[in-house]
Amino acid sequence: MYTKKTKIVATIGPASEAEKTLEAMIKAGLDVVRLNFSHGNFEDHRRKVTRTRALAQKLGKPVAILQDLGGPKIRIGEFITGAIELKTGQKFVLTTRKVAGDEEIVSVNYSKLPKEVKSGMTIFLEDGKKQLLVKRVSGDNIECQVIIGGELKGQRGVNVPDARLSISSLTAKDKKDLEFGLAEKVDYVALSFVRRASDIAELRRLLDKKDKSIKIIAKIETKEAVENIDKILAVADGLMVARGDLAIEVPPEDVPIIQKDIIERANEVGKPVITATQMLESMTDNPLPTRAEASDVANAIFDGTSAVMLSSESALGQYPVEAVKMMYKIAVRTEEHIEHHDILEESHLEPKDVTDSISFAALHTAHEVGAEAIVALSNSGFTARMIARHRPHRPVAVLTPNRKVYQQLALAFGCYPIMVNKEFTSVLDAIERSKQIIKDVKLVKPGGKIVIVAGVPFGKVSSTNLLVVQKI
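Residue numbers (UniProt numbering): 1 to 472.
One should not assume that every hint holds.
[Claimed, not checked] With a Cα cut of at most 27 Å, we get these calculated DSS-like pairs of lysine-lysine: (1) Lys175 x Lys404; (2) Lys231 x Lys175; (3) Lys212 x Lys61; (4) Lys135 x Lys91; (5) Lys325 x Lys27; (6) Lys61 x Lys471; (7) Lys73 x Lys175; (8) Lys118 x Lys135; (9) Lys27 x Lys61; (10) Lys20 x Lys329; (11) Lys4 x Lys61; (12) Lys20 x Lys185; (13) Lys185 x Lys209; (14) Lys48 x Lys176; (15) Lys73 x Lys91; (16) Lys58 x Lys4; (17) Lys135 x Lys87; (18) Lys445 x Lys471; (19) Lys231 x Lys210; (20) Lys404 x Lys48; (21) Lys445 x Lys27.
The hints are simulated quantities; they were obtained by calculation from the structure and are not laboratory data.
Produce the complete structure using the sequences and hints provided.
As C-alpha coordinates, then:
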(Lines of atoms letter the chains of each structure in order from A and count residues from 1; the text may use other names and numbers.)
(Lines give C-alpha, C1' and ligand atoms only; values in the text may rest on other atoms or scores of the structure.)
Protein backbone atom coordinates (compact mmCIF):
# COMPACT_ATOMS: atom_id res chain seq x y z
CA MET A 1 0.00 0.00 0.00
CA TYR A 2 2.83 2.41 0.81
CA THR A 3 5.24 1.81 -2.04
CA LYS A 4 3.83 3.88 -4.94
CA LYS A 5 3.73 7.67 -4.69
CA THR A 6 2.54 8.58 -8.19
CA LYS A 7 -1.22 8.13 -8.40
CA ILE A 8 -3.04 6.16 -11.11
CA VAL A 9 -6.22 7.42 -12.79
CA ALA A 10 -8.20 4.99 -14.96
CA THR A 11 -11.25 5.51 -17.15
CA ILE A 12 -13.96 2.97 -16.35
CA GLY A 13 -15.94 1.63 -19.30
CA PRO A 14 -17.35 -1.60 -20.72
CA ALA A 15 -14.01 -3.40 -20.26
CA SER A 16 -13.61 -2.52 -16.58
CA GLU A 17 -16.97 -1.81 -14.97
CA ALA A 18 -17.60 -5.42 -13.84
CA GLU A 19 -17.20 -5.66 -10.07
CA LYS A 20 -14.51 -8.34 -10.21
CA THR A 21 -12.44 -6.35 -12.73
CA LEU A 22 -12.78 -3.04 -10.90
CA GLU A 23 -11.84 -4.67 -7.60
CA ALA A 24 -8.73 -6.17 -9.21
CA MET A 25 -7.78 -2.73 -10.60
CA ILE A 26 -8.12 -1.08 -7.19
CA LYS A 27 -6.02 -3.82 -5.61
CA ALA A 28 -3.44 -3.35 -8.38
CA GLY A 29 -2.98 0.33 -7.53
CA LEU A 30 -5.88 2.32 -9.00
CA ASP A 31 -6.42 5.57 -7.05
CA VAL A 32 -8.90 7.61 -9.10
CA VAL A 33 -11.84 6.39 -11.17
CA ARG A 34 -12.55 8.59 -14.22
CA LEU A 35 -16.08 8.71 -15.60
CA ASN A 36 -16.07 9.93 -19.20
CA PHE A 37 -19.34 11.80 -19.78
CA SER A 38 -18.76 11.92 -23.53
CA HIS A 39 -20.09 8.35 -23.40
CA GLY A 40 -22.69 6.43 -21.43
CA ASN A 41 -25.88 7.47 -19.66
CA PHE A 42 -26.75 8.36 -16.08
CA GLU A 43 -27.71 4.80 -15.23
CA ASP A 44 -24.30 3.54 -16.43
CA HIS A 45 -22.40 6.16 -14.47
CA ARG A 46 -24.50 5.75 -11.31
CA ARG A 47 -23.70 2.05 -11.32
CA LYS A 48 -19.97 2.81 -11.60
CA VAL A 49 -20.12 5.33 -8.72
CA THR A 50 -22.01 2.92 -6.45
CA ARG A 51 -19.66 0.06 -7.27
CA THR A 52 -16.53 2.17 -6.74
CA ARG A 53 -17.69 3.45 -3.35
CA ALA A 54 -18.64 -0.05 -2.20
CA LEU A 55 -15.32 -1.57 -3.28
CA ALA A 56 -13.30 1.27 -1.72
CA GLN A 57 -15.15 0.66 1.55
CA LYS A 58 -14.62 -3.10 1.30
CA LEU A 59 -10.90 -2.76 0.58
CA GLY A 60 -10.32 0.05 3.07
CA LYS A 61 -8.70 2.22 0.44
CA PRO A 62 -9.51 5.80 -0.60
CA VAL A 63 -10.61 5.99 -4.24
CA ALA A 64 -11.55 9.37 -5.71
CA ILE A 65 -14.20 9.76 -8.42
CA LEU A 66 -13.46 12.18 -11.25
CA GLN A 67 -16.37 13.31 -13.44
CA ASP A 68 -14.97 14.32 -16.83
CA LEU A 69 -17.44 16.58 -18.64
CA GLY A 70 -17.60 16.23 -22.42
CA GLY A 71 -17.31 19.94 -23.20
CA PRO A 72 -17.97 21.69 -26.50
CA LYS A 73 -16.78 19.69 -29.48
CA ILE A 74 -17.08 21.42 -32.85
CA ARG A 75 -18.04 18.85 -35.47
CA ILE A 76 -18.95 18.66 -39.13
CA GLY A 77 -22.35 17.28 -40.15
CA GLU A 78 -23.24 14.15 -42.09
CA PHE A 79 -22.55 13.36 -45.74
CA ILE A 80 -25.26 12.07 -48.09
CA THR A 81 -23.06 9.10 -48.97
CA GLY A 82 -21.74 8.60 -45.41
CA ALA A 83 -18.20 9.58 -46.45
CA ILE A 84 -16.39 11.55 -49.15
CA GLU A 85 -12.90 11.62 -50.60
CA LEU A 86 -11.15 14.98 -50.06
CA LYS A 87 -8.54 15.62 -52.74
CA THR A 88 -5.47 17.72 -52.04
CA GLY A 89 -5.79 21.14 -53.68
CA GLN A 90 -9.57 21.05 -54.17
CA LYS A 91 -11.97 23.69 -52.84
CA PHE A 92 -14.13 22.69 -49.89
CA VAL A 93 -16.67 24.75 -47.94
CA LEU A 94 -17.66 24.60 -44.27
CA THR A 95 -21.00 26.29 -43.62
CA THR A 96 -23.15 26.99 -40.58
CA ARG A 97 -26.25 26.39 -42.73
CA LYS A 98 -27.99 23.02 -42.56
CA VAL A 99 -26.99 21.28 -45.77
CA ALA A 100 -26.70 17.73 -47.04
CA GLY A 101 -22.95 17.19 -47.12
CA ASP A 102 -21.14 16.24 -50.33
CA GLU A 103 -17.72 16.55 -51.99
CA GLU A 104 -17.98 20.35 -52.05
CA ILE A 105 -19.66 21.42 -48.81
CA VAL A 106 -20.58 20.24 -45.30
CA SER A 107 -22.27 21.81 -42.27
CA VAL A 108 -20.48 22.68 -39.04
CA ASN A 109 -22.25 22.89 -35.67
CA TYR A 110 -20.75 26.15 -34.32
CA SER A 111 -22.70 29.16 -35.58
CA LYS A 112 -20.02 31.77 -34.77
CA LEU A 113 -17.20 29.98 -36.60
CA PRO A 114 -17.33 32.16 -39.78
CA LYS A 115 -16.95 35.27 -37.63
CA GLU A 116 -14.02 33.89 -35.67
CA VAL A 117 -11.79 32.46 -38.41
CA LYS A 118 -9.78 34.47 -40.89
CA SER A 119 -8.15 33.95 -44.23
CA GLY A 120 -4.83 32.13 -43.86
CA MET A 121 -5.84 30.08 -40.82
CA THR A 122 -5.55 26.29 -40.83
CA ILE A 123 -8.57 24.16 -39.93
CA PHE A 124 -7.94 20.58 -38.79
CA LEU A 125 -10.52 17.84 -39.24
CA GLU A 126 -10.66 14.35 -37.72
CA ASP A 127 -8.03 14.80 -34.97
CA GLY A 128 -5.67 16.60 -37.33
CA LYS A 129 -5.63 13.94 -40.04
CA LYS A 130 -7.17 16.33 -42.61
CA GLN A 131 -6.07 19.95 -43.08
CA LEU A 132 -7.86 22.86 -44.73
CA LEU A 133 -6.50 26.33 -45.46
CA VAL A 134 -9.05 29.14 -45.11
CA LYS A 135 -9.06 31.19 -48.34
CA ARG A 136 -12.13 33.37 -47.81
CA VAL A 137 -15.06 33.87 -45.46
CA SER A 138 -18.36 34.85 -47.04
CA GLY A 139 -21.46 35.09 -44.85
CA ASP A 140 -22.16 31.64 -43.40
CA ASN A 141 -19.52 29.99 -45.58
CA ILE A 142 -15.83 29.33 -44.91
CA GLU A 143 -14.19 28.68 -48.26
CA CYS A 144 -11.12 26.47 -47.96
CA GLN A 145 -8.43 24.70 -49.95
CA VAL A 146 -7.62 21.11 -48.99
CA ILE A 147 -3.99 20.78 -47.86
CA ILE A 148 -4.15 17.18 -46.64
CA GLY A 149 -7.03 15.08 -47.91
CA GLY A 150 -8.30 11.53 -47.69
CA GLU A 151 -11.53 9.79 -46.78
CA LEU A 152 -13.70 11.92 -44.49
CA LYS A 153 -16.75 10.65 -42.62
CA GLY A 154 -19.48 12.72 -40.99
CA GLN A 155 -19.47 13.97 -37.38
CA ARG A 156 -15.70 14.34 -37.29
CA GLY A 157 -14.10 16.92 -34.99
CA VAL A 158 -12.97 20.41 -36.02
CA ASN A 159 -9.98 22.27 -34.53
CA VAL A 160 -8.87 25.83 -35.31
CA PRO A 161 -5.78 26.45 -33.12
CA ASP A 162 -5.17 30.05 -34.20
CA ALA A 163 -8.74 31.27 -33.73
CA ARG A 164 -9.91 32.87 -30.47
CA LEU A 165 -13.22 31.07 -30.15
CA SER A 166 -15.89 32.52 -27.88
CA ILE A 167 -17.57 29.16 -27.38
CA SER A 168 -18.23 28.32 -23.72
CA SER A 169 -16.39 25.35 -22.22
CA LEU A 170 -19.59 24.43 -20.38
CA THR A 171 -22.41 23.20 -22.62
CA ALA A 172 -26.09 22.65 -21.80
CA LYS A 173 -25.37 18.90 -21.63
CA ASP A 174 -22.46 19.53 -19.28
CA LYS A 175 -24.77 21.41 -16.91
CA LYS A 176 -27.20 18.50 -16.81
CA ASP A 177 -24.32 16.08 -16.29
CA LEU A 178 -23.02 18.31 -13.50
CA GLU A 179 -26.36 18.04 -11.68
CA PHE A 180 -25.89 14.28 -11.77
CA GLY A 181 -22.33 14.60 -10.44
CA LEU A 182 -23.51 16.80 -7.59
CA ALA A 183 -26.22 14.33 -6.66
CA GLU A 184 -23.67 11.48 -6.68
CA LYS A 185 -21.18 13.53 -4.65
CA VAL A 186 -18.23 13.13 -7.02
CA ASP A 187 -14.85 14.30 -5.71
CA TYR A 188 -13.52 16.09 -8.81
CA VAL A 189 -15.03 17.61 -11.95
CA ALA A 190 -12.80 17.93 -15.03
CA LEU A 191 -13.71 20.69 -17.49
CA SER A 192 -12.86 19.98 -21.13
CA PHE A 193 -11.55 22.45 -23.74
CA VAL A 194 -10.79 25.17 -21.20
CA ARG A 195 -9.56 28.31 -22.92
CA ARG A 196 -9.49 30.97 -20.23
CA ALA A 197 -9.88 31.46 -16.48
CA SER A 198 -13.49 32.63 -16.91
CA ASP A 199 -14.40 29.09 -18.06
CA ILE A 200 -13.37 27.79 -14.63
CA ALA A 201 -15.15 30.67 -12.88
CA GLU A 202 -18.42 29.74 -14.61
CA LEU A 203 -18.15 26.14 -13.39
CA ARG A 204 -17.15 27.30 -9.91
CA ARG A 205 -20.30 29.44 -9.63
CA LEU A 206 -22.49 26.43 -10.44
CA LEU A 207 -20.66 24.16 -7.98
CA ASP A 208 -20.68 26.70 -5.14
CA LYS A 209 -24.46 26.88 -5.20
CA LYS A 210 -24.66 23.22 -4.21
CA ASP A 211 -21.32 21.82 -3.01
CA LYS A 212 -18.20 23.93 -2.45
CA SER A 213 -16.13 20.87 -1.54
CA ILE A 214 -15.89 19.50 -5.11
CA LYS A 215 -12.53 20.28 -6.75
CA ILE A 216 -12.12 21.42 -10.36
CA ILE A 217 -9.54 19.96 -12.75
CA ALA A 218 -8.86 22.12 -15.81
CA LYS A 219 -8.04 20.06 -18.90
CA ILE A 220 -5.30 21.78 -20.88
CA GLU A 221 -5.94 20.75 -24.48
CA THR A 222 -6.13 24.00 -26.47
CA LYS A 223 -3.47 26.43 -27.65
CA GLU A 224 -5.33 29.26 -25.93
CA ALA A 225 -5.26 27.40 -22.59
CA VAL A 226 -1.49 27.00 -22.83
CA GLU A 227 -1.17 30.74 -23.38
CA ASN A 228 -3.41 31.44 -20.37
CA ILE A 229 -1.99 28.71 -18.14
CA ASP A 230 -1.09 30.87 -15.13
CA LYS A 231 -4.50 32.53 -14.94
CA ILE A 232 -6.25 29.16 -15.32
CA LEU A 233 -4.03 27.56 -12.68
CA ALA A 234 -4.83 30.38 -10.26
CA VAL A 235 -8.55 29.52 -10.24
CA ALA A 236 -8.53 25.74 -10.85
CA ASP A 237 -7.79 23.14 -8.15
CA GLY A 238 -5.65 21.02 -10.46
CA LEU A 239 -4.72 20.40 -14.09
CA MET A 240 -4.82 17.61 -16.63
CA VAL A 241 -2.36 17.63 -19.52
CA ALA A 242 -4.79 16.22 -22.13
CA ARG A 243 -2.25 15.50 -24.83
CA GLY A 244 -4.65 14.15 -27.47
CA ASP A 245 -6.40 17.33 -28.55
CA LEU A 246 -3.40 19.40 -27.43
CA ALA A 247 -1.25 17.65 -30.08
CA ILE A 248 -3.70 18.87 -32.73
CA GLU A 249 -3.67 22.44 -31.47
CA VAL A 250 0.12 22.72 -31.18
CA PRO A 251 2.95 21.01 -33.10
CA PRO A 252 3.56 17.47 -31.77
CA GLU A 253 7.19 18.29 -31.05
CA ASP A 254 6.05 21.03 -28.64
CA VAL A 255 3.84 18.73 -26.53
CA PRO A 256 6.65 17.24 -24.34
CA ILE A 257 7.98 20.72 -23.60
CA ILE A 258 4.52 22.05 -22.75
CA GLN A 259 3.91 18.98 -20.56
CA LYS A 260 7.05 19.64 -18.53
CA ASP A 261 6.20 23.32 -18.15
CA ILE A 262 2.61 22.67 -17.00
CA ILE A 263 3.75 20.06 -14.46
CA GLU A 264 6.36 22.44 -13.07
CA ARG A 265 3.87 25.29 -12.75
CA ALA A 266 1.31 23.07 -10.99
CA ASN A 267 3.96 21.83 -8.54
CA GLU A 268 5.01 25.40 -7.78
CA VAL A 269 1.55 26.21 -6.41
CA GLY A 270 0.88 22.83 -4.81
CA LYS A 271 -1.92 21.66 -7.08
CA PRO A 272 -2.23 18.13 -8.51
CA VAL A 273 -1.49 17.54 -12.18
CA ILE A 274 -2.54 14.51 -14.23
CA THR A 275 -0.66 13.46 -17.37
CA ALA A 276 -3.08 11.82 -19.79
CA THR A 277 -3.74 10.33 -23.23
CA GLN A 278 -2.15 7.34 -24.97
CA MET A 279 0.22 6.57 -22.11
CA LEU A 280 -0.07 2.79 -22.60
CA GLU A 281 -2.24 2.90 -25.73
CA SER A 282 -0.95 -0.35 -27.22
CA MET A 283 -2.21 -2.21 -24.14
CA THR A 284 -5.72 -1.70 -25.49
CA ASP A 285 -4.96 -4.77 -27.60
CA ASN A 286 -1.69 -6.15 -26.19
CA PRO A 287 -0.72 -7.47 -22.74
CA LEU A 288 2.54 -5.49 -22.70
CA PRO A 289 3.33 -1.86 -23.58
CA THR A 290 5.89 -0.68 -26.11
CA ARG A 291 9.24 0.53 -24.81
CA ALA A 292 8.32 4.04 -25.91
CA GLU A 293 5.14 3.92 -23.81
CA ALA A 294 7.00 2.71 -20.72
CA SER A 295 9.45 5.58 -21.22
CA ASP A 296 6.55 8.03 -21.64
CA VAL A 297 5.05 7.07 -18.27
CA ALA A 298 8.47 7.16 -16.59
CA ASN A 299 9.36 10.55 -18.04
CA ALA A 300 6.07 12.06 -16.82
CA ILE A 301 7.01 10.84 -13.33
CA PHE A 302 10.53 12.25 -13.66
CA ASP A 303 8.86 15.53 -14.72
CA GLY A 304 7.00 15.53 -11.39
CA THR A 305 3.45 14.59 -12.40
CA SER A 306 1.05 13.79 -9.55
CA ALA A 307 -0.75 11.12 -11.54
CA VAL A 308 -0.70 9.18 -14.79
CA MET A 309 -3.91 8.23 -16.59
CA LEU A 310 -5.34 5.34 -18.58
CA SER A 311 -8.08 6.03 -21.14
CA SER A 312 -9.06 3.47 -23.78
CA GLU A 313 -6.59 1.01 -22.23
CA SER A 314 -8.86 0.60 -19.20
CA ALA A 315 -12.24 1.62 -20.65
CA LEU A 316 -12.27 -0.49 -23.80
CA GLY A 317 -9.12 -2.58 -23.81
CA GLN A 318 -8.61 -6.29 -23.34
CA TYR A 319 -6.14 -5.85 -20.46
CA PRO A 320 -7.44 -3.20 -18.01
CA VAL A 321 -6.05 -4.87 -14.87
CA GLU A 322 -2.69 -5.55 -16.54
CA ALA A 323 -2.51 -1.88 -17.63
CA VAL A 324 -2.91 -0.71 -14.02
CA LYS A 325 -0.32 -3.25 -12.84
CA MET A 326 2.10 -2.05 -15.51
CA MET A 327 1.66 1.60 -14.53
CA TYR A 328 2.22 0.61 -10.91
CA LYS A 329 5.46 -1.23 -11.75
CA ILE A 330 6.76 1.64 -13.91
CA ALA A 331 5.93 4.16 -11.18
CA VAL A 332 7.66 2.22 -8.41
CA ARG A 333 10.74 1.55 -10.53
CA THR A 334 11.01 5.17 -11.65
CA GLU A 335 10.54 6.57 -8.14
CA GLU A 336 13.43 4.41 -6.93
CA HIS A 337 15.72 6.46 -9.17
CA ILE A 338 14.60 9.92 -8.10
CA GLU A 339 17.02 11.45 -5.63
CA HIS A 340 14.46 13.18 -3.45
CA HIS A 341 16.84 14.82 -1.01
CA ASP A 342 18.76 16.32 -3.91
CA ILE A 343 15.45 17.74 -5.10
CA LEU A 344 14.94 19.34 -1.68
CA GLU A 345 18.43 20.83 -1.70
CA GLU A 346 18.05 22.19 -5.21
CA SER A 347 14.39 23.20 -4.91
CA HIS A 348 13.57 26.68 -6.12
CA LEU A 349 10.11 26.47 -4.53
CA GLU A 350 9.95 29.28 -1.99
CA PRO A 351 7.67 28.64 1.02
CA LYS A 352 4.34 30.36 0.37
CA ASP A 353 3.18 30.80 3.98
CA VAL A 354 3.47 29.34 7.51
CA THR A 355 1.84 26.04 6.46
CA ASP A 356 4.19 25.65 3.53
CA SER A 357 7.22 26.52 5.66
CA ILE A 358 6.31 23.84 8.22
CA SER A 359 5.56 21.36 5.44
CA PHE A 360 8.97 21.95 3.85
CA ALA A 361 10.64 21.74 7.25
CA ALA A 362 8.91 18.40 7.86
CA LEU A 363 10.61 16.90 4.81
CA HIS A 364 14.03 18.16 5.87
CA THR A 365 13.50 17.02 9.45
CA ALA A 366 12.38 13.57 8.32
CA HIS A 367 15.58 13.24 6.30
CA GLU A 368 17.84 14.51 9.07
CA VAL A 369 16.43 12.29 11.85
CA GLY A 370 15.83 9.28 9.62
CA ALA A 371 12.06 9.27 10.09
CA GLU A 372 10.20 6.58 8.15
CA ALA A 373 7.06 8.63 7.53
CA ILE A 374 5.45 12.03 7.85
CA VAL A 375 2.05 12.21 9.53
CA ALA A 376 -0.13 15.19 8.59
CA LEU A 377 -3.26 15.96 10.60
CA SER A 378 -5.61 17.81 8.28
CA ASN A 379 -9.28 18.75 8.05
CA SER A 380 -9.01 20.46 4.66
CA GLY A 381 -6.16 18.58 2.98
CA PHE A 382 -4.21 21.81 2.44
CA THR A 383 -1.25 20.74 4.58
CA ALA A 384 -1.02 17.44 2.70
CA ARG A 385 -1.01 19.22 -0.67
CA MET A 386 1.73 21.59 0.48
CA ILE A 387 3.87 18.62 1.54
CA ALA A 388 3.08 16.85 -1.75
CA ARG A 389 4.30 19.80 -3.82
CA HIS A 390 7.83 19.13 -2.56
CA ARG A 391 7.58 15.51 -3.80
CA PRO A 392 8.31 13.75 -0.48
CA HIS A 393 10.54 10.68 -0.49
CA ARG A 394 8.82 9.20 2.57
CA PRO A 395 5.15 8.24 2.70
CA VAL A 396 2.81 10.93 4.02
CA ALA A 397 -0.02 9.51 6.14
CA VAL A 398 -2.83 12.06 6.22
CA LEU A 399 -5.17 11.63 9.18
CA THR A 400 -8.51 13.35 8.56
CA PRO A 401 -12.06 13.14 9.93
CA ASN A 402 -13.40 14.57 6.64
CA ARG A 403 -14.69 11.89 4.23
CA LYS A 404 -14.49 14.16 1.17
CA VAL A 405 -10.88 15.14 1.93
CA TYR A 406 -10.05 11.47 2.54
CA GLN A 407 -11.25 10.63 -0.97
CA GLN A 408 -9.81 13.69 -2.73
CA LEU A 409 -6.32 13.10 -1.36
CA ALA A 410 -6.23 9.84 -3.30
CA LEU A 411 -4.95 12.12 -6.08
CA ALA A 412 -2.20 13.81 -4.02
CA PHE A 413 1.34 12.61 -4.74
CA GLY A 414 2.85 10.48 -1.98
CA CYS A 415 -0.15 10.88 0.33
CA TYR A 416 -1.96 7.99 2.00
CA PRO A 417 -5.21 9.24 3.55
CA ILE A 418 -6.51 7.54 6.70
CA MET A 419 -9.98 8.24 8.13
CA VAL A 420 -10.20 9.04 11.85
CA ASN A 421 -13.52 8.77 13.63
CA LYS A 422 -13.32 12.09 15.46
CA GLU A 423 -11.31 15.31 15.48
CA PHE A 424 -8.23 15.67 17.63
CA THR A 425 -8.76 17.63 20.85
CA SER A 426 -5.25 18.45 22.06
CA VAL A 427 -1.59 18.10 21.17
CA LEU A 428 -1.24 15.11 23.51
CA ASP A 429 -4.35 13.45 22.01
CA ALA A 430 -3.00 14.07 18.50
CA ILE A 431 0.41 12.57 19.26
CA GLU A 432 -0.88 9.48 21.05
CA ARG A 433 -3.63 8.70 18.55
CA SER A 434 -1.30 9.33 15.59
CA LYS A 435 1.26 6.88 16.97
CA GLN A 436 -1.42 4.26 17.56
CA ILE A 437 -2.90 4.65 14.06
CA ILE A 438 0.53 4.36 12.44
CA LYS A 439 1.14 1.20 14.46
CA ASP A 440 -2.23 -0.23 13.45
CA VAL A 441 -1.67 0.29 9.72
CA LYS A 442 1.93 -0.97 10.01
CA LEU A 443 3.31 2.04 8.16
CA VAL A 444 6.35 2.26 10.45
CA LYS A 445 8.24 -0.54 12.21
CA PRO A 446 8.39 -0.55 16.04
CA GLY A 447 11.14 1.82 17.14
CA GLY A 448 10.91 3.85 13.93
CA LYS A 449 10.47 7.60 13.93
CA ILE A 450 7.69 9.76 12.48
CA VAL A 451 7.36 13.51 11.95
CA ILE A 452 3.93 14.85 12.89
CA VAL A 453 2.63 18.15 11.50
CA ALA A 454 -0.63 19.83 12.47
CA GLY A 455 -2.38 23.13 13.06
CA VAL A 456 -3.25 24.11 16.63
CA PRO A 457 -5.52 24.86 18.36
CA PHE A 458 -7.52 21.90 17.06
CA GLY A 459 -11.11 22.45 15.97
CA LYS A 460 -10.37 25.87 14.50
CA VAL A 461 -9.24 26.96 11.04
CA SER A 462 -5.55 27.72 11.42
CA SER A 463 -2.20 27.44 9.69
CA THR A 464 -0.05 24.37 10.19
CA ASN A 465 2.19 25.50 13.04
CA LEU A 466 3.18 22.33 14.91
CA LEU A 467 6.03 19.93 14.08
CA VAL A 468 6.86 17.05 16.41
CA VAL A 469 9.25 14.09 16.06
CA GLN A 470 8.04 10.89 17.75
CA LYS A 471 9.26 7.32 18.16
CA ILE A 472 6.83 4.45 17.51
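Now the hints, each set against the structure:
1. Lys175 x Lys404: Holds: Lys175 and Lys404 sit about 22 Å apart, inside 27 Å.
2. Lys231 x Lys175: holds (23 Å)
3. Lys212 x Lys61: holds (24 Å)
4. Lys135 x Lys91: holds (9 Å)
5. Lys325 x Lys27: Given pair Lys325, Lys27 holds - Cα atoms ~9 Å apart, limit 27 Å.
6. Lys61 x Lys471: Holds. Lys61 to Lys471 sits at ~26 Å (cutoff 27 Å).
7. Lys73 x Lys175: holds (15 Å)
8. Lys118 x Lys135: holds (8 Å)
9. Lys27 x Lys61: Distance of about 9 Å is within 27 Å: holds.
10. Lys20 x Lys329: With Cα atoms ~21 Å apart, Lys20 and Lys329 stay inside 27 Å; holds.
11. Lys4 x Lys61: holds (14 Å)
12. Lys20 x Lys185: holds (24 Å)
13. Lys185 x Lys209: holds (14 Å)
14. Lys48 x Lys176: holds (18 Å)
15. Lys73 x Lys91: holds (24 Å)
16. Lys58 x Lys4: holds (21 Å)
17. Lys135 x Lys87: holds (16 Å)
18. Lys445 x Lys471: holds (10 Å)
19. Lys231 x Lys210: Holds, at about 25 Å.
20. Lys404 x Lys48: holds (18 Å)
21. Lys445 x Lys27: holds (23 Å)
In summary, this structure violates none of the numbered hints.
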